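2 protein chains.
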Amino acid sequence: MSCIFCKIADAEIPAKVVYEDEYVLGFLDIKPINPGHTLVIPKNHFESLSDVSEETLARMASASKKIASVLKEALASKCEGINLHLADGKAAGQEVFHIHLHIIPRYTTDSFGLKFPPHYGKITTEEIDSVYRKLRNLLE
Amino acid sequence: MSCIFCKIADAEIPAKVVYEDEYVLGFLDIKPINPGHTLVIPKNHFESLSDVSEETLARMASASKKIASVLKEALASKCEGINLHLADGKAAGQEVFHIHLHIIPRYTTDSFGLKFPPHYGKITTEEIDSVYRKLRNLLE
Numbered sequence: 007m008s009c010i011f012c013k014i015a016d017a018e019i020p021a022k023v024v025y026e027d028e029y030v031l032g033f034l035d036i037k038p039i040n041p042g043h044t045l046v047i048p049k050n051h052f053e054s055l056s057d058v059s060e061e062t063l064a065r066m067a068s069a070s071k072k073i074a075s076v077l078k079e080a081l082a083s084k085c086e087g088i089n090l091h092l093a094d095g096k097a098a099g100q101e102v103f104h105i106h107l108h109i110i111p112r113y114t115t116d117s118f119g120l121k122f123p124p125h126y127g128k129i130t131t132e133e134i135d136s137v138y139r140k141l142r143n144l145l146e
Numbered sequence: 007m008s009c010i011f012c013k014i015a016d017a018e019i020p021a022k023v024v025y026e027d028e029y030v031l032g033f034l035d036i037k038p039i040n041p042g043h044t045l046v047i048p049k050n051h052f053e054s055l056s057d058v059s060e061e062t063l064a065r066m067a068s069a070s071k072k073i074a075s076v077l078k079e080a081l082a083s084k085c086e087g088i089n090l091h092l093a094d095g096k097a098a099g100q101e102v103f104h105i106h107l108h109i110i111p112r113y114t115t116d117s118f119g120l121k122f123p124p125h126y127g128k129i130t131t132e133e134i135d136s137v138y139r140k141l142r143n144l145l146e
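The listed protein sequences correspond, in order, to chains A and B.
Letter 18 of the first sequence, counting from 1, is numbered 24 in our numbering, and no numbers are missing.
Letter 87 of the second sequence, counting from 1, is numbered 93 in our numbering, and no numbers are missing.
Read the hints as simulated data drawn from the structure, not as lab findings.
Hints are not guaranteed to be accurate.
Identical copies look the same in the list; a pair holds intra-copy or inter-copy alike.
Derived pair list, reagent style BS3-like, types lysine-lysine, alpha-carbon separation capped at 27 Å [claimed, not checked]:
{"id": "1", "residue 1": "K96", "residue 2": "K78"}
{"id": "2", "residue 1": "K128", "residue 2": "K13"}
{"id": "3", "residue 1": "K121", "residue 2": "K13"}
{"id": "4", "residue 1": "K49", "residue 2": "K121"}
{"id": "5", "residue 1": "K84", "residue 2": "K121"}
{"id": "6", "residue 1": "K84", "residue 2": "K13"}
{"id": "7", "residue 1": "K71", "residue 2": "K121"}
{"id": "8", "residue 1": "K128", "residue 2": "K49"}
{"id": "9", "residue 1": "K96", "residue 2": "K128"}
{"id": "10", "residue 1": "K49", "residue 2": "K84"}
{"id": "11", "residue 1": "K22", "residue 2": "K121"}
{"id": "12", "residue 1": "K140", "residue 2": "K71"}
{"id": "13", "residue 1": "K22", "residue 2": "K37"}
Computed from a predicted structure; not experimentally measured.
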């Protein structure tokens with residue numbers, strides 16, 4: 007078993023663990039976007055959104071709320087906002103293939119954010135309507 | 007009541023709703039990053055992560071998994087990955103102050119992504135350890 011996050015969950019390799027319950031673990035990202043940047047993972051191995059159960063994803067979300075609720079207090083600089091971010095798949099920026107939710111403390115002046123694609127604001131009504139009809143059918 | 011997402015939840019203004027359950031609503035973003043970009047909101051009004059209950063946030067996460075599971079199939083282009091993204095507070099990019107989770111279909115070549123801050127990779131061990139000790143104390 008060579009998954010680095012499984013090894014962290016099993017305490018085989020060290021991490022700065024800040025939160026733990028029966029299902030999930032929260033620990034500091036080793037290359038934080040801002041201090042306090044935390045990752046929440048399920049203790050069991052799930053690679054992606056399609057593998058993880060709804061219940062486990064829900065537990066990851068609940069834990070992220072607990073951690074977010076104390077981040078401001080924990081930061082001497084106080085954070086002004088928080089991003090939750092999850093990358094599912096290489097094309098979405100996933101680098102470790104054990105699902106993880108980023109909790110990123112934010113500041114107005116931190117220069118972090120989203121890089122919008124050139125087509126942003128130019129997607130046609132036809133393209134939107136096509137996926138709309140299909141999603142409705144699939145989720146009915 | 008002037009919250010645009012409350013009006014969508016109450017069907018006072020139209021939206022391309024793709025998912026609905028007792029607690030949350032999923033509808034297409036009117037300015038999508040890619041076709042199929044969906045927002046998941048609680049039907050009740052919560053401004054932010056600090057207001058929303060853990061249970062409601064968990065229900066938003068579960069709904070996002072349901073929607074994500076069919077997005078690839080719904081997209082003629084097939085998506086290669088998915089980002090879940092939540093902006094909490096103006097400094098984090100929140101624009102509508104009714105909590106919402108973005109589900110963003112992704113492609114290797116879509117030029118969307120994260121813009122990293124200049125200090126990325128340069129945060130000191132001291133800064134990380136300081137917040138680590140405080141988070142541990144607060145989350146114990």
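Enumerated hints in conflict with the structure, sorted upward: Hints 3, 4, 6, 8, 10 contradicted; others consistent.
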